[in-house]
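Required output: the full structure, derived from the provided sequences and hints.
Last residue of the sequence shown: 180 (this note's numbering), numbering continuous.
Everything labelled a hint here was simulated from the structure, so no lab data went into it.
Given the structure is predicted, the values throughout are model-derived calculations rather than measurements.
Heads up, some of the hints might be wrong.
Derived CB-CB ranges, DEER-like [what the hints assert, rightly or not]: (1) Gly96 to Glu149: 25 to 33 Å; (2) Asp70 to Asp118: 53 to 61 Å; (3) Gln115 to Glu145: 18 to 26 Å; (4) Glu71 to Asp148: 16 to 24 Å; (5) Lys75 to Asn123: 46 to 54 Å; (6) Asn101 to Gln142: 19 to 27 Å.
Below are the EDC-like pairs computed for lysine to aspartate or glutamate, each with C-alpha atoms no more than 20 Å apart in a straight line [what the hints assert, rightly or not]: (7) Lys65 to Asp76; (8) Lys87 to Asp58; (9) Lys152 to Glu71.
A virtual CB, placed ideally from N, CA and C, is assigned to each residue, including glycine.
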Amino acid sequence: MSKTIIILIISTALFNSSLIGQPRAGGFQPPDFDAEKAAGIVIYDYEKVVKKLKVKDETKAKDIAQAIYEYNIKMDEMVMENGVTLQNLEDEFQRNVQIAIQNRDRSKMNGVKNEIQQTIPPIRMKTNQEQEKLDEAMKSILDEKQFDKWVKYQKSQRSSEFERQIN
Numbered sequence: 014m015s016k017t018i019i020i021l022i023i024s025t026a027l028f029n030s031s032l033i034g035q036p037r038a039g040g041f042q043p044p045d046f047d048a049e050k051a052a053g054i055v056i057y058d059y060e061k062v063v064k065k066l067k068v069k070d071e072t073k074a075k076d077i078a079q080a081i082y083e084y085n086i087k088m089d090e091m092v093m094e095n096g097v098t099l100q101n102l103e104d105e106f107q108r109n110v111q112i113a114i115q116n117r118d119r120s121k122m123n124g125v126k127n128e129i130q131q132t133i134p135p136i137r138m139k140t141n142q143e144q145e146k147l148d149e150a151m152k153s154i155l156d157e158k159q160f161d162k163w164v165k166y167q168k169s170q171r172s173s174e175f176e177r178q179i180n
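Shown next, in the form of structure tokens:
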């Protein structure tokens with residue numbers, strides 16, 4: 014019986030020490046918001062893409078690099094064109110999150126959510142058009158198996174937690 018009590022005490026102590034440093038149940042973790050990701054602005058690293066798609070042919074690799082380079086230029090232009098707007102959205106989002114946490118009132122987030130839903134879709138439409146152009150270029154360069162890998166890689170790069178929250 015004393016062994017059982019000792020084991021119970023040790024296991025309780027270990028359990029409690031493992032909880033140290035973890036957030037309390039019910040603790041609020043503020044959501045992250047990346048306006049560029051929400052707008053679909055993604056810059057691809059052609060070396061990573063070539064490696065991920067396992068492209069061995071030098072000509073294909075150069076064609077992929079060229080297509081990604083042209084796409085990245087368009088994304089850079091969109092960042093330059095919309096950078097201030099996107100940064101203002103992020104700043105306002107962070108301010109409203111802090112106010113909502115302090116006041117324990119989520120209704121403060123409705124205004125910024127509406128603003129995001131009005132600002133992001135036009136930018137996203139432009140990024141989607143550029144993404145479609147890149148996809149067409151990639152489709153002409155890659156074989157079917159590589160193109161399927163490209164689509165999966167692209168989705169993993171473009172996914173955004175916040176996008177799921179606002180839609």
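Hint by hint, here is what the structure shows:
1. Gly96 to Glu149: 25 to 33 Å: 27 Å, holds
2. Asp70 to Asp118: 53 to 61 Å: At roughly 58 Å between Cβ atoms, Asp118 and Asp70 fall inside 53 to 61 Å, so the hint holds.
3. Gln115 to Glu145: 18 to 26 Å: This hint is violated: roughly 43 Å between Cβ atoms.
4. Glu71 to Asp148: 16 to 24 Å: 22 Å, holds
5. Lys75 to Asn123: 46 to 54 Å: 49 Å, holds
6. Asn101 to Gln142: 19 to 27 Å: 24 Å, holds
7. Lys65 to Asp76: 15 Å, holds
8. Lys87 to Asp58: 14 Å, holds
9. Lys152 to Glu71: 17 Å, holds
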